[in-house]
Amino acid sequence: MSSKQTKFLKALQAFLPVDSLLTGEESLRPYECDGLSAYKQLPLAVALPGNKNEIIRIIKLCQEFKIPVVTRGAGTGLSGGALPLENGLLLNLTRLNKILKINPENRSAVVQPGVRNLAISEAVSDHGLYYAPDPSSQIACSIGGNVAENAGGVHSLKYGLTVHNILKLEIITAEGELLTIGSQALDSPGYDLLALMTGSEGLLGIITEITVKLLPKPERTQVLLVAFDDVANAGKAVSEIISAGIIPAGLELMDSLAIKAAEDFIHAGYPVEATAILLCEVDGNSPEVDDYTKKIHALCLQCGATEIRIAADEKEQKKLWAGRKAAFPAIGRLAPDYYCMDGTIPRHCLPEVLKRISDMAKEYDLPVANVFHAGDGNLHPLILYDANIAGQLEKTEQFGGRILELCVEVGGAITGEHGVGIEKIDQMCVQFKPLELSQFHAIKDAFDEHGLLNPGKAVPTLHRCAELGAMHVHNGQLPHPELERF
Amino acid sequence: MTAGTTKDIANKLADQVKNAYSNGSILGIRGSGTKSFLGNSDLGQKTAESITTTKHQGIVNYEPNELVLTARSGTRLHDIQNTLAGKNQMLAFEPPAFGEQATLGGTIACALSGPRRPYTGSARDYVLGVHMINGRGETMRFGGQVMKNVAGYDVSRLMTGAMGTLGIILDISLKVLPLPEVEMTLVQDLTSIDARKRMVDLVSKYSPISAMSYVGHFLYIRLSGPQSAVTAAIKKIGGETILNHETFWHDIREQQHPFFKSDKPLWRLSLPVASDWPGIEEKLNGDCLVEWGGAQVWLSSGEAPEKIFAHADTLGGHARLFRSLNDGFGYRCQPLAPALLNWHKKIKHVFDPKGILNPGIMYKEV
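Top to bottom, those sequences are chains A and F. The numbers in the first sequence follow numbering that gives the first Met the number 0, run straight up by one, and end at 485. The numbers in the second sequence follow numbering that gives the first Met the number 0, run straight up by one, and end at 365.
Be aware that a few hints might be false.
Some chain F residues close to chain A (C-beta under 10 Å, calculated; not the full set) [stated by the list, open to error]: (1) LYS147; (2) GLY151; (3) GLY160; (4) ASN243; (5) PHE247; (6) ASN341; (7) HIS348; (8) LYS363.
Bear in mind the hints are in silico, worked out from the structure with no lab data behind them. Where a beta carbon is used, it is the ideal one built from N, C-alpha and C, also for glycine.
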């Protein structure tokens, strides 16, 4: 440890309660990774502040000593966004876990960043309200991380992502200044900083308070399970449903391997012989739900569905969803490790993309299961591998990288809801050109002059991209030679 | 699929910005000018060279099944809406046009949304991606043509509502939605206090409401969805259905309702839904038309701007001078807290380091 780091830790110890600062390998070990466990790194120290003032003092010390800081919530993120830095402080916000205010008349709630996503819906349930974005980790993930990653979920086609469901943020800037953006109203004057902050992966500020928008619970929901013997037919059914003017609350597609894995694990009664299944949830008032259900039933039959099940009651709805919700751990049982990807594609490319993923799976000799938020084109291929076999992790990462590049090639994006983090940093070079990446760096520089907030994540340096050979550098000269590169 | 003329003048526009960047001349960005009344006019725009997007036209891509449309900024809003309607789809933020010639670029740059906004989302909620020119004349793409994309900072939404101060929008990808099968409007005769309570109650439970407005002594409630859903909701909510309701909502959205004929300055107050809007008329000495279930209040009043800004702030919202015959106020948007203004200046500098794009149109500092 350098003398600078020692002084920094002493300065933290001077005001933080003893149990709010962790050092030493044993205490740091639980924080070495987030949900993407293939990447591990011990931080310099972990701070667990209990209030805003402590955060401000921590950040000011980070500035004074030029110590980088990685902010972390529940640590469920899947892109390594909360991976610690060896020379950096890990700022854990899980102790800021209070719901500060519920305002049923305005249908909003003010919460601290460490509050769990599901805890918000539970707390407002008595008012007939809920918080719509529901990432699959909602039981554990914290709302601060949801904002930092712009988390989605199975209902995002109809109800949007985090960015569509928050009103106001309080943040602490890299200089330790408190800033409020957004308002209790539906919009706010000036630039849309709420959108800029949402999904900025901890690079622009530290979120200390969030005002979320709440929705009234739908009067009724219905879930259909539709089986197909051809993925193309399932894709066609999705298009037909949307063409008919129906926006389902959830529309999920699982391929054969995912169906079998889920059924073995949960026994939801999934048709294991099917090539693909669609899970379709509709909501609304009662007659509306009946209407949609009838229409979807008819459309799926026209598209060659081999079986259609309509849940008889709420219990069966839950059972049908249970298989989907447990799909990742279920698939995880098939191999010692799995790697979950998160690309988006225009929906009509689904059959082509699945075919090419399956060809690549043969090439790499690694099985892939596919789970797809079919409504909004968000694909989650899960690559099965064994990290104990030398070279398999590297092979898997390479395979995953190629899947993301395929998503870009067909007009999609390298991440739909998990964020770039450290995981997809190289694919950013494929998604964006040097000019755009420079613009991102300029935004970062403007708000974090010394690059202390989660440096090295989300946006690759142009140098890194150039080394990857993913972009053209003319005469050894990058655009804007006057800009500092890091 | 295209509507109207198709023409790509992106390179020409970029060259014009590059020239302005090198010789430091100010550019005033213009579409068809239908919303030019929204900006400050005392910003040295007189000396500005104008850069016009109206010839950058055409729907570049429209995939109804994907719910995505991409169009160039000079494309007329009406052409886009007609194309969408041909496939039973719509821009769900129901943007006001304020004129036949309104362009998509201006619509997004001003980020105005219509009656459906509180129930289906705002202009920025539907923006998926932009292709733009920054203040150095550099052409860039952010976001994309897919529903979900969290790669990189959300510059597309940052551009929405920036009134051209951060860049010139070349084309925009938007999420679109199906047109509702049926729309009907109910009217109820209520005092403002009762109307406030009714509107708050109505949205506390699920219902297919797509607009709520309080005008005169009447509360108007529009319902949208399948016939079955609308019929059931009408039964539950009660009140008379009105004829020609499309005209009513059109007139509210386009500010052609008689309320907007006043000579007094027109202010827009954006407020939390359940704020005390019924008290505004008395406190700010004016007349109100309430939209968005209470979240958007149009105020016709000659009160001092400071007083209106202060009252909007007290109510938890903000105000903006929308239309006024004399433009002597100097600033039209709610003043920003110093720290927030500082962030605005930083962002402006990042995208437009020489301050040549629409300077001062929103705040004199940016």
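Hints and how they fare:
| no. | hint | verdict |
| --- | --- | --- |
| 1 | LYS147 | 4 Å, holds |
| 2 | GLY151 | 6 Å, holds |
| 3 | GLY160 | 6 Å, holds |
| 4 | ASN243 | 24 Å, violated |
| 5 | PHE247 | 22 Å, violated |
| 6 | ASN341 | 9 Å, holds |
| 7 | HIS348 | 7 Å, holds |
| 8 | LYS363 | 13 Å, violated |
The structure does not agree with the numbered hints 4, 5, 8 stated previously, though it agrees with the rest.
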